[in-house]
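Protein chains in written order, with the numbering used here: chain A, 7 to 184; chain B, 192 to 593; chain C, 756 to 960.
It is worth saying that the hints were derived from the structure and are not from the lab. Ideal placement from N, C-alpha and C gives every residue a C-beta, glycine not left out. Be aware that a few hints might be false.
[Unchecked claim] Non-contacting residues of chain B with respect to chain A, defined by C-beta distances greater than 12 Å in every case (computed): (1) Phe370; (2) Arg412; (3) Val418; (4) Gly480; (5) Pro523; (6) Phe559; (7) Val560.
[As the list claims (entries may be wrong)] Subject to a maximum C-alpha distance of 30 Å in a straight line, what follows is the list of computed BS3-like cross-link-like pairs (lysine-lysine): (8) Lys909/C x Lys339/B; (9) Lys257/B x Lys909/C; (10) Lys859/C x Lys261/B; (11) Lys373/B x Lys257/B; (12) Lys257/B x Lys240/B.
Take a look at the letters that make up each chain.
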Amino acid sequence: MPDAPGLELIRGEIEDGHPGAVLDTGFEYEQAVLAVDPGQVLAVLTWLRDAPGQGYRFLSSLHAADYLPAEPRFAVHYELLNRDRVERIRVKALLAGPAAGNAGDAQALPEIDSCVELFPTAEFQEREVFDFFGIVFRGHPNLTRILLPEDYVGWPQRRDFPVGGEPVTFTFNERNYG
Amino acid sequence: MAEAKTQSPPEVDPQTEVMTINIGPHHPATHGVLRLVVDLEGEMVRDLKPVIGYVHTGIEKSCEDKSYWKVIPFVERMDYVSYFFQMEAYCGAVERLVGLEIPPRARYLRTLFLELNRIHSHLVWLGTTALDLGAISMLWYCFRERDKILDLVEMATGQRMHTRYFQVGGVIEDIPLGFEQKLREFIADMPVRVTQYQALLDRNEIFLSRTKGTGIVSRERLLELGVTGPLLRATGEPWDLRKAFDYLAYPEMEFKIPVGTVGDNYDRYRVRLAEIVESVRIIEQALDGLPEGPHIADDRKYVLPPRSELSTSMESLIHHFKLVTEGFRVPPGEVYYSIECPRGELGCFVVADGSSKPARVHFRDPSFVNLQAFRDMAVDSYVADMIASLGMLDPILGGVDR
Amino acid sequence: MLRGTLEGEELERYVEERVVMTRFDRMLGWARANSMFPLTFGLACCAIEAPISIVTARYDLARFGAEALRASPRQADMIILSGRVSIKMAPIVRRLYDQMLEPKWAISMGACSSSGGMFSNYAVVQGADKFMPIDMHIPGCPPRPEAVLYGFTKLQRKIKGNPDQGWRQRYNAAGTEEWARGGAASQPSREAAEAYEAARELAHA
């Protein structure tokens with residue numbers, strides 16, 4: 007991992023090219039994290055991938071987390087890896103949640119740019135994030151549900167979605183609970 | 192995208208119909224419930240769309256509802272053939288969050304079981320893939336060895352599969368007497384068995400013509416698609432997380448990383464077989480160098496105290512009660528920890544919010560990402576080559592669907 | 756033996772010793788039970804234990820007559836639901852079961868297909884009983900292959916018409932059976948029926 011001073015250097019260089027992109031840096035558990043503004047996430051990822059000293063060309067994982075009740079609520083994490091220097095860096099793009107509730111209202115879904123052009127590996131992984139959190143990736147070739155049935159309503163992995171489950175058909179349950 | 196074709200396709204007639212057929216989700220060759228929507232032109236595959244989600248279990252969502260140690264059995268059942276690896280990824284991530292050091296004996300034991308599970312996974316792969324390609328007898332031979340591995344696992348942990356053996360802090364129990372001897376018998380036997388498998392398949396003309404030169408994807412394309420593991424190593428890229436990152440007892444082990452040259456299905460087969468032999472070497476070194484000491488960390492805040500202490504020490508009783516009912520609390524933070532699974536990079540992302548339940552557990556499953564390369568492997572080649580590529584891709588749908 | 760060697764009484768006794776008299780349905784049950792054609796159907800972890808592990812050499816299913824695993828549901832007569840049934844897979848399993856020809860049996864192997872197992876959440880059907888009739892439930896997570904074989908032999912007994920009463924026989928508790936489907940307990944109560952109606956109207960609105 008780039009160590010803490012190295013991380014600050016990276017932040018400085020990104021800020022030179024794209025002011026206001028990096029909101030925060032963090033170095034915890036020996037992992038370097040860059041919190042970026044979601045509107046400029048593509049620029050940051052391109053810089054990290056293509057800038058001469060950096061070369062984080064491998065996207066290990068793209069996933070999201072829901073930090074309810076903290077705001078901003080969603081964060082899309084990009085786990086980048088530089089295989090030559092064997093270093094990882096995490097880019098975290100924080101997105102605010104929709105104003106409305108849990109319904110599949112298209113206007114209320116948070117949006118972010120898709121990085122499929124940069125990292126083709128993100129195709130399935132962005133679909134999974136969309137499937138579970140309802141985060142729309144602009145520019146994704148085929149943004150449909152991948153793991154849940156196509157007609158499923160709701161975004162299960164949000165914190166306010168219930169775990170679900172119904173009682174098993176034991177006769178005890180059937181007799182007493184219908 | 193496939194660079195090498197088995198044979199140049201015939202001139203495409205504008206009148207030729209492209210037929211879309213559906214393979215699966217119930218199909219003997221799909222290694223689980225994978226559904227493929229395939230556009231066929233004659234026997235050539237023109238396009239391929241995998242449809243997944245048929246064994247989606249909502250494990251990641253269920254994990255948010257359970258205390259940290261209760262998550263371990265859930266997480267095991269994702270990639271159900273390499274269950275020790277999921278446990279290690281999760282326990283390793285939580286140990287990093289908590290800042291817990293595991294004792295050396297636990298590190299060696301974990302390495303030992305991980306490599307045993309790697310052999311197990313490769314044996315299951317070999318048996319089922321050879322079955323798909325028509326070499327039906329391999330199934331019986333591979334599963335004979337697999338049963339021996341499961342006997343060993345059952346001896347140490349009590350269960351054949353899904354053993355909940357790794358806990359946060361180490362392993363739940365030390366290995367019993369007689370385990371070492373049985374394991375040594377097994378690892379003395381295993382390289383002989385590998386040569387026997389090779390004798391069956393390596394010069395079998397049908398197997399060779401089905402796997403040589405089929406399913407080739409270039410190394411750059413695989414890296415773009417995020418593919419890791421034996422698929423990447425078959426193209427000649429020596430990328431293995433066991434050597435790249437230091438975790439568990441791997442820095443102290445001496446082992447080689449088998450790589451291929453061309454990246455076709457035959458190379459993938461050879462790479463995995465060679466990995467079995469390397470795993471045997473690692474197990475032997477782990478057994479020889481197994482240090483004495485506790486098998487789990489000492490920190491009573493996160494690890495259950497030994498039962499003998501419960502009747503004498505009040506403090507141990509309180510710790511035990513707290514851990515069993517509520518579980519331990521993890522300070523807020525998030526960590527991503529990845530290990531080398533038999534299929535590639537298995538990463539675990541845990542977000543802790545200070546309570547006794549994780550706020551988010553996400554697994555970066557290698558089969559899920561590797562499946563994106565399947566289209567490149569199968570397009571513009573025959574259906575039979577697609578089946579061979581699917582076998583060599585080694586997807587485990589439990590991991591794909593989670 | 757030539758005709759005329761034995762006469763009368765001796766002939767009768769000779770024939771009695773060598774001919775098995777039975778009812779036709781018993782014989783049919785015996786034949787069906789000992790020649791099952793399981794469907795190669797595996798969903799998740801239990802699939803590694805069965806159908807893959809029980810057909811291998813150590814836990815040989817062939818000695819019970821069920822060696823010929825068939826891939827097509829039209830040719831199979833037993834389906835072993837090995838693994839968790841997710842909501843996306845449930846209609847497909849039902850369709851497979853419907854495609855099988857009578858007589859057919861279903862074994863629900865493991866905790867996940869019997870009752871949802873440890874996964875009590877939105878994605879797993881809590882028991883395959885919710886959408887298809889199951890003849891035998893085998894507990895375990897995953898059940899040992901020996902447990903699956905025990906369940907299989909119990910199913911064979913059931914097919915032969917001599918079902919194993921289990922604890923009801925050991926503890927003299929015959930008559931305590933409850934039927935989840937078809938008995939009085941399976942009809943929803945009036946309140947539940949009204950609630951179902953209201954929910955249905957809401958869904959269609």
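Quick rundown of the hints versus the structure:
Under the 12 Å C-beta cut-off, the non-interface status given to Phe370/B relative to chain A holds; the minimum distance is some 34 Å. At the 12 Å boundary, the C-beta of Arg412/B falls inside the reach of chain A, the nearest C-beta of that chain being 8 Å off. Separation of Val418/B from chain A is inadequate, the least Cβ-Cβ distance of about 8 Å not exceeding the 12 Å criterion. No Cβ of chain A approaches the Cβ of Gly480/B within 12 Å, the least distance being about 25 Å, so the stated non-interface status holds.
Distance to chain A contradicts Pro523/B as a non-interface residue, since its nearest Cβ pair spans about 10 Å, not more than 12 Å. Look at Phe559/B: its CB is around 6 Å from the nearest CB on chain A, not clear of 12 Å, so calling it non-interface is violated. The claim that Val560/B lies off the interface is violated: its Cβ sits roughly 6 Å from the closest Cβ of chain A, which falls inside the 12 Å cut-off. Restraint check for Lys909/C and Lys339/B: satisfied, since their Cα atoms lie roughly 28 Å apart, inside the 30 Å limit.
With a C-alpha separation of about 36 Å, the suggested pairing of Lys257/B with Lys909/C is violated against the 30 Å cut-off. Proposed proximity of Lys859/C and Lys261/B is contradicted: the alpha carbons are some 38 Å apart, above 30 Å. For the given pair, Lys373/B sits about 37 Å from Lys257/B by alpha-carbon distance, which is inconsistent with the 30 Å threshold. Among the hinted pairs, Lys257/B with Lys240/B is inconsistent with the structure: their alpha-carbon atoms are about 35 Å apart, more than 30 Å.
Hint compliance for this structure: hints 2, 3, 5, 6, 7, 9, 10, 11 and 12 are broken, all remaining hints hold.
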